[in-house]
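Colleague: So the sequences go chain by chain: A and B.
Under this note's numbering, the first sequence has 98 at position 98, and the numbering climbs by one with no breaks.
Under this note's numbering, the second sequence has 446 at position 180, and the numbering climbs by one with no breaks.
The hints are simulated quantities; they were obtained by calculation from the structure and are not laboratory data.
Note that the Cβ used here is the ideal one computed from N, Cα and C, for glycine as well.
Relax, there's no trap hidden among the hints.
Ranges of calculated distance between the beta carbons of each label pair, as one might list FRET restraints:
(1) A:232 / B:305: 49 to 55 Å
(2) B:322 / A:208: 54 to 60 Å
(3) A:76 / B:268: 38 to 44 Å
(4) B:322 / A:163: 43 to 49 Å
(5) A:163 / B:463: 53 to 59 Å
(6) B:274 / A:115: 51 to 57 Å
(7) B:289 / A:86: 26 to 32 Å
(8) B:326 / A:141: 34 to 40 Å
Reference listing, derived: stretches of chain A covered by chain B, where coverage requires no fewer than 3 residues with Cβ under 8 Å from a Cβ of chain B:
(9) 73-86
(10) 91-102
(11) 105-113
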Amino acid sequence: MNQSTAATAIELVGVEKAFGRQQVLKGISLQIPEGQTTVIVGASGTGKSIILKHMLGLIPPDRGQVLVFGQELGRLSKRALNEVRTQFGVLFQNAALFDSMTVFDNIALPLRERTGQSEAQIRQTVHDRLGLMDLQGSEEKFPAQLSGGMRKRVGLARALVLNPKVVFFDEPTTGLDVSKSNEIYRLFHKTQRQLGYTAVIVSHDVPKIFKLADAVALLADGIIQGCLTPEQFQLSPLPLIRTFVEETMGPLYSSQQEEVGFYEKV
Amino acid sequence: MRQQLENLGDQTLYQLQQAGRMGMFLGACLLQLLRPPYPFRRILRQIHFVGARSIFVILFTGAFTGMVLALQGYYSLRKFGSEGLLGSAVALSLLRELGPVLTALMVVGRAGSAICAEIGIMRNSEQIDALECMAIDPLRYLMAPKFVAGIISLPLLTFLFDVIGIFGGYLIGVSLLGVNAGTYFQGMYASVEWADLEMGIVKSLVFGLLIIWISAAKGYFLHLERDGGFGAEGVSRTTTDAVVLSSVSILVWDYLISAIML
Numbered sequence: 001m002n003q004s005t006a007a008t009a010i011e012l013v014g015v016e017k018a019f020g021r022q023q024v025l026k027g028i029s030l031q032i033p034e035g036q037t038t039v040i041v042g043a044s045g046t047g048k049s050i051i052l053k054h055m056l057g058l059i060p061p062d063r064g065q066v067l068v069f070g071q072e073l074g075r076l077s078k079r080a081l082n083e084v085r086t087q088f089g090v091l092f093q094n095a096a097l098f099d100s101m102t103v104f105d106n107i108a109l110p111l112r113e114r115t116g117q118s119e120a121q122i123r124q125t126v127h128d129r130l131g132l133m134d135l136q137g138s139e140e141k142f143p144a145q146l147s148g149g150m151r152k153r154v155g156l157a158r159a160l161v162l163n164p165k166v167v168f169f170d171e172p173t174t175g176l177d178v179s180k181s182n183e184i185y186r187l188f189h190k191t192q193r194q195l196g197y198t199a200v201i202v203s204h205d206v207p208k209i210f211k212l213a214d215a216v217a218l219l220a221d222g223i224i225q226g227c228l229t230p231e232q233f234q235l236s237p238l239p240l241i242r243t244f245v246e247e248t249m250g251p252l253y254s255s256q257q258e259e260v261g262f263y264e265k266v
Numbered sequence: 267m268r269q270q271l272e273n274l275g276d277q278t279l280y281q282l283q284q285a286g287r288m289g290m291f292l293g294a295c296l297l298q299l300l301r302p303p304y305p306f307r308r309i310l311r312q313i314h315f316v317g318a319r320s321i322f323v324i325l326f327t328g329a330f331t332g333m334v335l336a337l338q339g340y341y342s343l344r345k346f347g348s349e350g351l352l353g354s355a356v357a358l359s360l361l362r363e364l365g366p367v368l369t370a371l372m373v374v375g376r377a378g379s380a381i382c383a384e385i386g387i388m389r390n391s392e393q394i395d396a397l398e399c400m401a402i403d404p405l406r407y408l409m410a411p412k413f414v415a416g417i418i419s420l421p422l423l424t425f426l427f428d429v430i431g432i433f434g435g436y437l438i439g440v441s442l443l444g445v446n447a448g449t450y451f452q453g454m455y456a457s458v459e460w461a462d463l464e465m466g467i468v469k470s471l472v473f474g475l476l477i478i479w480i481s482a483a484k485g486y487f488l489h490l491e492r493d494g495g496f497g498a499e500g501v502s503r504t505t506t507d508a509v510v511l512s513s514v515s516i517l518v519w520d521y522l523i524s525a526i527m528l
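Chain A extracted, bound-state conformation (with noise of 0.2 Å):
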């Protein structure tokens, strides 16, 4: 762990947000070390995913700032914003992959628009990138015909296909099942360790998701109640974080406990 020695991807100083009269974010202060992974947790409907809409540029704050690779979002133009957006990439919580697209025209679409490549090495990326996801045959498939984890693969591919630097998950394993649950950590595991990306996860799948995270920062009562290390995280004092984890895990739970390479072997 060398997270007070990573650089800055992405800081959030201050955010609040408010929809109509109720306020969801009251000053959102986190940030997140480039090429480790970070964990958000918190209840469902707390504003887990507004943060990361916050990041993405999605949307502006009320009052705070965001910084991403130290440029504030809400003063760059449109187009430096999508400057910005080129090194991200997104793994939505249902996929929102287009469906009247197939497959292969999904995960072609960032390259065909955002890239000068000639249709055949466009073909060959989204094979590659395909074979990764162990999606071989699917090409032709519309989203519809697809199942939940499959999917989700797919949107992963996409997500990773302009090998962006900072790679977003909203809910990654929500409506999964445990092995599939299990297949798209192994899948993030192994693209976090080719790709090198720094990587922003908001999950409830507590505790599982703490062994693929490097910082897990709990989102209550509308701020970041404690950024910490896995172990800190579930050794914290803190009382709103030492509910979280009673709540979501029962006994005390300890990474020196879990075996080496796990999710290299699922």
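Knowing the structure of chain A, use the given hints to seat chain B on it.
Modeller: Just chain B, lined up with the frame of chain A:
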């Protein structure tokens, strides 16, 4: 009393915000039309959807509109002994008013509703967010081809409507009611001027823009609807709103353009 005033102010602000959003949306979409490169394949696909696939319904409604115009026109004109004017009455009604308006209303029902629902579902299922996150501008990628298709398709569909309507009128007036064929067309040549055609073209261009603008913007801003734009019900309600608003706008603009150009 104070509560009522607050509600009134709140509602006014919301409507102003909506109008502002829609105006900015239109401006941004039109700006995208000026920026090359042009995605010809996507434009052609939209022309096929908005235009080519509306042809059958336009031919059908055009024929019956012409037929009923001839039928009603004949019995009205006969009272004054002016059956000879049937051709010009049918042609002028179609070219100036009924052609553009009914074509636009048919396209609202067939393509406008589909565009609103498609964009609304894309918004709800985060597909539009996904495009933005890939640094692909949804206005350029999704909306601009639809605007081009609307502006190209509506005048062409209106021409079809007019032509088939005139022949529908011929069928009833000449073949069924016995008006002289030469008189039917001669009256038309004598009375129809370029200004009548021009009015029809201007109207169909404006209606094409209006339909795509309202339908696409309603779907695009679905998530900002105050009474909840989420889920299947949200999409259906917004689609209904888009159809009603487009239809009303067409009739209002029809009056305004007629008043300005006459």
